[in-house]
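Top line first, the protein sequences correspond to chains L and Y.
Per my numbering, the very first residue in the first sequence carries number 6; after that it's consecutive.
Per my numbering, the very first residue in the second sequence carries number 6; after that it's consecutive.
Derived by calculation from the structure, the hints in this document are not laboratory data.
A few of these clues could be false.
In this list, chains with the same sequence are indistinguishable; a pair is considered to hold if it fits within one copy or across any two.
Unchecked claim - Only pairs whose alpha carbons sit at most 30 Å apart, straight line, appear in this in silico DSBU-like list of lysine-lysine:
hint : residue 1 : residue 2
1    : 164       : 121
2    : 8         : 302
3    : 238       : 102
4    : 96        : 121
5    : 302       : 194
6    : 22        : 102
7    : 164       : 260
8    : 102       : 89
9    : 121       : 194
10   : 121       : 190
11   : 238       : 299
2 protein chains.
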Amino acid sequence: MRKLEDLQLLIANSVDKLRYPDYPAELYEPISYILSLGGKRMRPALLLMACDLFGGDVEEALSPALAIEVFHNFTLMHDDIMDKAPIRRGKTTVHEKWNANVAILSGDVMLIEGYKLMMQVRENILRQVLDIFNDTAVGVCEGQQLDMTFESTNNIAIKEYINMIRLKTAVVLGGALKIGALIGKADIKDAELLCEFGEQIGIAFQLQDDILDVYGNPEKFGKQIGGDILSNKKTYLLIKALELAQGDYADELNKWLSISDFGSEKKVAAVTEIYNQVNVRAYAENEMQLYADKAFKALEKINLPEANKQYLRDFADGLLVREY
Amino acid sequence: MRKLEDLQLLIANSVDKLRYPDYPAELYEPISYILSLGGKRMRPALLLMACDLFGGDVEEALSPALAIEVFHNFTLMHDDIMDKAPIRRGKTTVHEKWNANVAILSGDVMLIEGYKLMMQVRENILRQVLDIFNDTAVGVCEGQQLDMTFESTNNIAIKEYINMIRLKTAVVLGGALKIGALIGKADIKDAELLCEFGEQIGIAFQLQDDILDVYGNPEKFGKQIGGDILSNKKTYLLIKALELAQGDYADELNKWLSISDFGSEKKVAAVTEIYNQVNVRAYAENEMQLYADKAFKALEKINLPEANKQYLRDFADGLLVREY
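In isolation and in its complexed conformation, chain L is listed as follows:
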């Protein structure tokens, strides 16, 4: 099996080679720009990995893998408009560098370019692959819509939250793995199990991200600790804490959610203290483990040699045991 880092590097190099027309410049320059900002290229690498695991030819999976990366960057370009984000990977976002109209239209073309790349598969799996891509793409849009809706919604149930992160983050991982598996000539049952593995790992990963925002090691997490707390982001921790907190803790938590004029450090410390008191971290870790277990359960059922399964287990462990 090829190392994940090697596959990521192969993607990075292939992304660098993607070329778009010069005209109209305002339509195509933003595409090259956002693709040049880098990133871990994890989603397309997973597609290649799945193909490789089933003994397929990684080269055959390259265009569909690039499709996943182009699609992912389309969602980033449009999400950044919606979230009014000024910065993406340390650089100015497209709608800030150009304008929102350019970001809308370039994003639209990226989605189409994603389809063009995804179609570069052999004839007998074309329809199947595109069906998966369609479902994935719709899922991501649904997830983004729910994420936006939740910003102004109270009383979100944990179940709804999990469904949102599943759609927004996890279905692409599952979809990429499923498409890669089919290109690698896996049978449909194994491709679906691998998809299930990816989706459940994706949910566990997102829950871990919620935990790390509060309890992570700032040097290793790479983001500001407490960022979610400061923006009142409805993470698993906040939703669960609102459910668990009673009496004074509930009042205190609601007070911090409602005031906008506060010292940052003070708010992070105070909310974290409430989280500690209601023991929300344990709930979150428990939930995360639940989804990791589901992933491993699906993995066991896949018809693959033990060494290949171990590769997937190691991958999942690497993803989920980021240092606290």
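Mind docking chain Y on chain L? Use the hints.
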């Protein structure tokens, strides 16, 4: 052959039957909303017409025809954001009724739903149909970008303008006809000729629209006469007049383009007078005829019975001889 009006009615009824999920409501309600606003359903009807002309089963072409209509409405939803248009077909636009974020994301899903519908063709033409759809979709985005760029560009050449309207308006007509022809089992050469016919007729039609804005009969044109003049829209007439006008006429025209505080009637009358003086209407009608001729030339080469060709000629005549 089935009457065009019957095909339009079939589309209208089928659009009414399209159903989208209830959840998330903000993602799917705008789709049903914009599709319910009506319209002539000309593009999808052309797809059915092409299929019918080659003896194909119109029912088989219904989903791809709906794909064209859903795609067209996706472009309207996003264009309306970019153009800050408050009204579409007499009703509030999606970004006004909801907000821009909702219109971006619902539009994205519509594009994907377009692909899902377009994939409902028989196996042996799936790739070919999707290739045409991809090219069409990219073309429309390029056309919209050029249209926006031209708003703030001086010295647009007629050639560039024609290319813009070809991309923005005409390629969808050509693409719809080509896909319909393939579903109707036309051979690829005939499908391409019909595509050429549609594209050239589309350009002629758009040029006619430019002429009607100034010289149309207000009761029959259905839009405000001189609307393009009031908004300084770079139509064929304006671009050509800027090219033709010399001396005082040039100064006068540029004056009217630069002032924003004017009486509407006065501006329309003054600019129309300059158009008359430089005889721009004749140039425009000549150019329009040029593209109509190209369309009819392509039509003659199609391998179809004379009656079917006559049907297409009548269709083109109906489109191009709107009353002045």
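Structure-based check of all given hints:
1. 164 / 121: For residue 164 and residue 121, the Cα distance is within 30 Å only across copies (29 Å; inside one copy 35 Å).
2. 8 / 302: within (23 Å within a copy, 59 Å between copies)
3. 238 / 102: both (26 Å within a copy, 26 Å between copies)
4. 96 / 121: within (28 Å within a copy, 35 Å between copies)
5. 302 / 194: Answer is within; shortest intra-copy Cα gap is 14 Å, inter-copy 54 Å.
6. 22 / 102: For residue 22 and residue 102, the Cα distance is within 30 Å only inside one copy (23 Å; across copies 42 Å).
7. 164 / 260: This pair counts as within: shortest intra-copy Cα distance 25 Å, inter-copy 63 Å.
8. 102 / 89: both (12 Å within a copy, 20 Å between copies)
9. 121 / 194: both (26 Å within a copy, 23 Å between copies)
10. 121 / 190: Close inside one copy (21 Å) and across copies (24 Å); limit 30 Å.
11. 238 / 299: within (26 Å within a copy, 59 Å between copies)
In summary, this structure violates none of the numbered hints.
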